[in-house]
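Since the structure of chain A is already known, use the hints to place chain B on it.
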Amino acid sequence: MSSQIISQTMRTDRLPHIWCPGCGHGILMRAIAVAIEDLKLDKDKVCIVSGIGCSSRASGYMDFNTLHTTHGRALAFATGVKFASPELHVIVVTGDGDASAIGGNHLIHACRRNIDITTIVFNNNIYGMTGGQFSPTTPKGDKGTTAPFGNIDKAFDICSLAKGAGATYVARSTAYHANKMIEYIKTGINHKGFSLIEGISSCPTYYGRKNKKGGAVDLLNHLKDTFVDIKVKDKLPPEKLENKLFMGEFHHSVEPEYTAEYDKIIELFSTGGEE
Amino acid sequence: MPRLCYLLERGVVMKKNIKLLQGNEACVHGAIYAGMNFFAGYPITPSTEIAEVSSELLPKNNGKFIQMEDEIAGMAATIGAAVAGSKSMTATSGPGFSLKQENIGYASITEIPCVIVNVQRHGPSTGLPTSPGQGDYMQAKWGTHGDHPIIALSPTTVREVFELTVKAFNFSEKYRTPVILLMDEVIGHLREKIEIPEVGELEIVPRKTPEVKPDQYKAYEYTEDLVPAMANFGTGYRYNITGLVHDETGFPTNSTKEATRLIDRLMAKIDNNLDDILIYEEGYALESETLFIAFGGIVRSVKEAVLKLREQGHNVGYFAPKTVWPFPHNKLEELSKNKKNIFVAEMNLGQMIEPVKLSVDDRNIVKGINKANGEIISPEEIIESFMEVVK
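Listed in order, the protein sequences are those of chains A and B. For what it's worth, the numbering used here labels the leading residue of the first sequence as -17, then goes sequentially. For what it's worth, the numbering used here labels the leading residue of the second sequence as 6, then goes sequentially.
Excised from the complex, chain B in its bound form:
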């Protein structure tokens, strides 16, 4: 068989941008596709390739890369660059994700668009730095103090890393919120063939900047869509950004009424748009008797297990949220009707199982398949857990 490059030279097949990429590398390609022109970070296993590839690709694409002195500074500089008009991103893993939390909360209340990648490794603390984990699922939602909205996306394939990174940037701009790309080491270091989308193939959402003149601009105006237009610093709109509770002018206030109004708007701008934000994949999910639920790398094992079990005649299906926060409660409630068993497979001791239980009528049918030792959960282990319950 002739080699592909030979065929390409002859024009036999259409030239496509096909690459063999690691999840971490695909993340950077996706980010640049989405318009990322700023990256600030700090080296940490197993996310380091994201910083390395960014340091090489950004200056070639008129963007900027900076290695900061620590994880906290990486998050801060990412936000600072966004304020100055950049599409910016940072990447980290467990311990670094813990350190970034305060400034993630700052981005949330000040509504600065930015993307935070967390390539999850085993924890707590230093844990098993080179082994996968999914123990940061709850942290992605609740890691920073106080009530706040967050969007977190979790990819299963290298192509999905690319696409969800683009989505992460889009959501961050559209809803003016930090977005977490919650990867795991399985996907971060997995190599797969990926066809890089053509320019224009995927939607890119630009920042909504003010249409009014500077003297009429209210930085945190209560608009119909609840997402205020954002003026980039240096463009003639002089305003104040603060992590203190602020009114629609952007200046601090101690008013409990304004605090209620602000937090309500922050939550509602996400909750009102779940149709747009919630992304999931399902297979035989509605009709099956048994449903498997997983996210990230473990979806691969679940799909394999479902395939094998169905070959053996078992009526099983799967549901894989890609948007893991906010959690797709309504969708799962609908799917869970008439289920005999629901299994939640995750590389932790039971985190996503909690919102799953909240989504179903009978929580007794929900069982966990858990592992928190740095190993992935294999399809065989999933099948075994199923057999133990159904026999």
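For reference, chain A alone in the conformation it holds in the complex:
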């Protein structure tokens, strides 16, 4: 089964990937591949756009129309692709730094426009490609190579940010909860509007080591133990929610989609024969 997913969706001649042993990104990339396969999308009509960073190398391995862009700008490039060719399924793969630091402005405005793009954020809480600097999602107090005494910045909650900015489908899963990740990505692709699915990843090489949180297995177990589905939040006693984080579907609404709204403007002139 899994080998078929690889041969159907991956550029096998580009593998093995560059990610470190134990990195959670491979699980998240596989989740995207399985979601596309399950939905039986026409491969020629799928476009994967990515920015810069560990996460963004995913596009090169996936056998679709792939656009590996500049740091932080994936959503702005993707907006051009989608707006010009609404028939394409545009999926953005980005990281926590790429999406919420250098690309933060593009993220909130893509959410606001509700353009039909599915954004998958591989959040490993660190800048991995450049060697372990703290990112906007590094928890307060944790260490990075540019926060040797502990990070004093408050972390972003990317899902809350996306919801607040107007995204119409927002969900979070983790590299441990791979099946949920697949399910949310499928919902996101089928959703007509801007969807953001945050996949909490793990970085044993930098984040894990800097913060003495153990190796690959420890980090995955940490995801398993820390994340609680938002659906059961209210059913659990407060002591069971201590130090927990939440995953699940945070928001799902139907609102006018950007490219469809613009088509209505074009429609005004397509029959009138004006200039």
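Quick caveat, the hints were computed from the structure, so don't treat them as lab data. Because the structure is a prediction, the values reported are computed rather than measured. Backbone N, C-alpha and C fix where the C-beta goes; we use that ideal spot for every residue, glycine too. No false leads were mixed into what you were given.
Think about it this way: if two alpha-carbon atoms lie no more than 30 Å apart in a straight line, the pair counts; the simulated DSBU-like pairs of lysine-lysine are:
| # | chain 1 | residue 1 | chain 2 | residue 2 |
| --- | --- | --- | --- | --- |
| 1 | B | Lys223 | A | Lys22 |
| 2 | B | Lys213 | A | Lys25 |
| 3 | B | Lys65 | A | Lys27 |
| 4 | B | Lys313 | B | Lys342 |
| 5 | B | Lys65 | A | Lys174 |
| 6 | B | Lys218 | A | Lys22 |
| 7 | A | Lys27 | B | Lys218 |
| 8 | B | Lys65 | A | Lys246 |
| 9 | A | Lys194 | A | Lys125 |
Derived contacts from chain A toward chain B, CB cut-off under 10 Å, selection only:
| # | residue |
| --- | --- |
| 10 | His53 |
| 11 | Arg55 |
| 12 | Ala58 |
| 13 | Thr61 |
| 14 | Arg95 |
| 15 | Thr241 |
| 16 | Phe251 |
Non-contacting residues of chain A with respect to chain B, defined by C-beta distances greater than 10 Å in every case (computed):
| # | residue |
| --- | --- |
| 17 | Lys192 |
| 18 | Gly197 |
| 19 | Leu218 |
| 20 | Phe228 |
Just chain B, lined up with the frame of chain A:
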């Protein structure tokens, strides 16, 4: 005298599409003539009319306009739309041009055709936003990091804005490169009568798409003309585009050999076609003793000065590159023989003067007429500079 519309109604004169247009407006008309069907931008003085007119005309011509969240995004969406098959353009001025630079470099190395209009204003920084300048000349060539090819065109009249916008689209498709239309506020806001060319009157270059089947397609193949065919996303050719150094398959490589090969090809595809790319205007340029050189709005002052000086019996001429990058070194070298003086008039403290000096045998004869305070250089000032040197 009967009014023109009366004559038109009577069929007395042939109906021509004559408009009174601003340079910025003519740019949009030229772009749509060239096939532009996508514009992404961000408001900035003094280029804003280009976005405004695009927002009105594009949906009426089955095209699309989007106002992005910032200048960087405007450049990115312009490139993204081109990848999906559009002929796309963005427009900006000084500060926005600075912000777009990284993605201009991306379009250059990934060979995505697109047009970037920079209506130059005074700088640096916010400078004098409503006043003209030509201080972005060097930036147009060197603004983005790393060695890369670029084509930049600079118009002098409203009609030329129209024609060079069409050329900009043509060059971008033919050579798969970003092309900069380097206007200045003088021309951007100047109104002139313009006869819009008939359909078919000006050449329109379509995108060169692959003729081979998808499994035989190499996105960055080394072909004889050095310009690989470009498959638009969604047409069945699944390939990879990256700003990393890539081999002919389009996938990244760390090979220094491939890096050499790629950058050499990118430069050569432009350098091998200078006969096609270099556009210039000249008047009495070869025979004159003194040559004036200018680009963009200042060509108007230079032509007026040359006219007046010649009336006074001075043996002067002018040379006005329309293609300002690549610079027409060989042409100028030829023209500069036996010159006593060469003046370069520009609204900056001396930028085009550098490639001019590189083109002549004796750089001591090259003098600058410069102004960087938001004012144009008048014909009188040019005449004055000439008189000071020759008397």
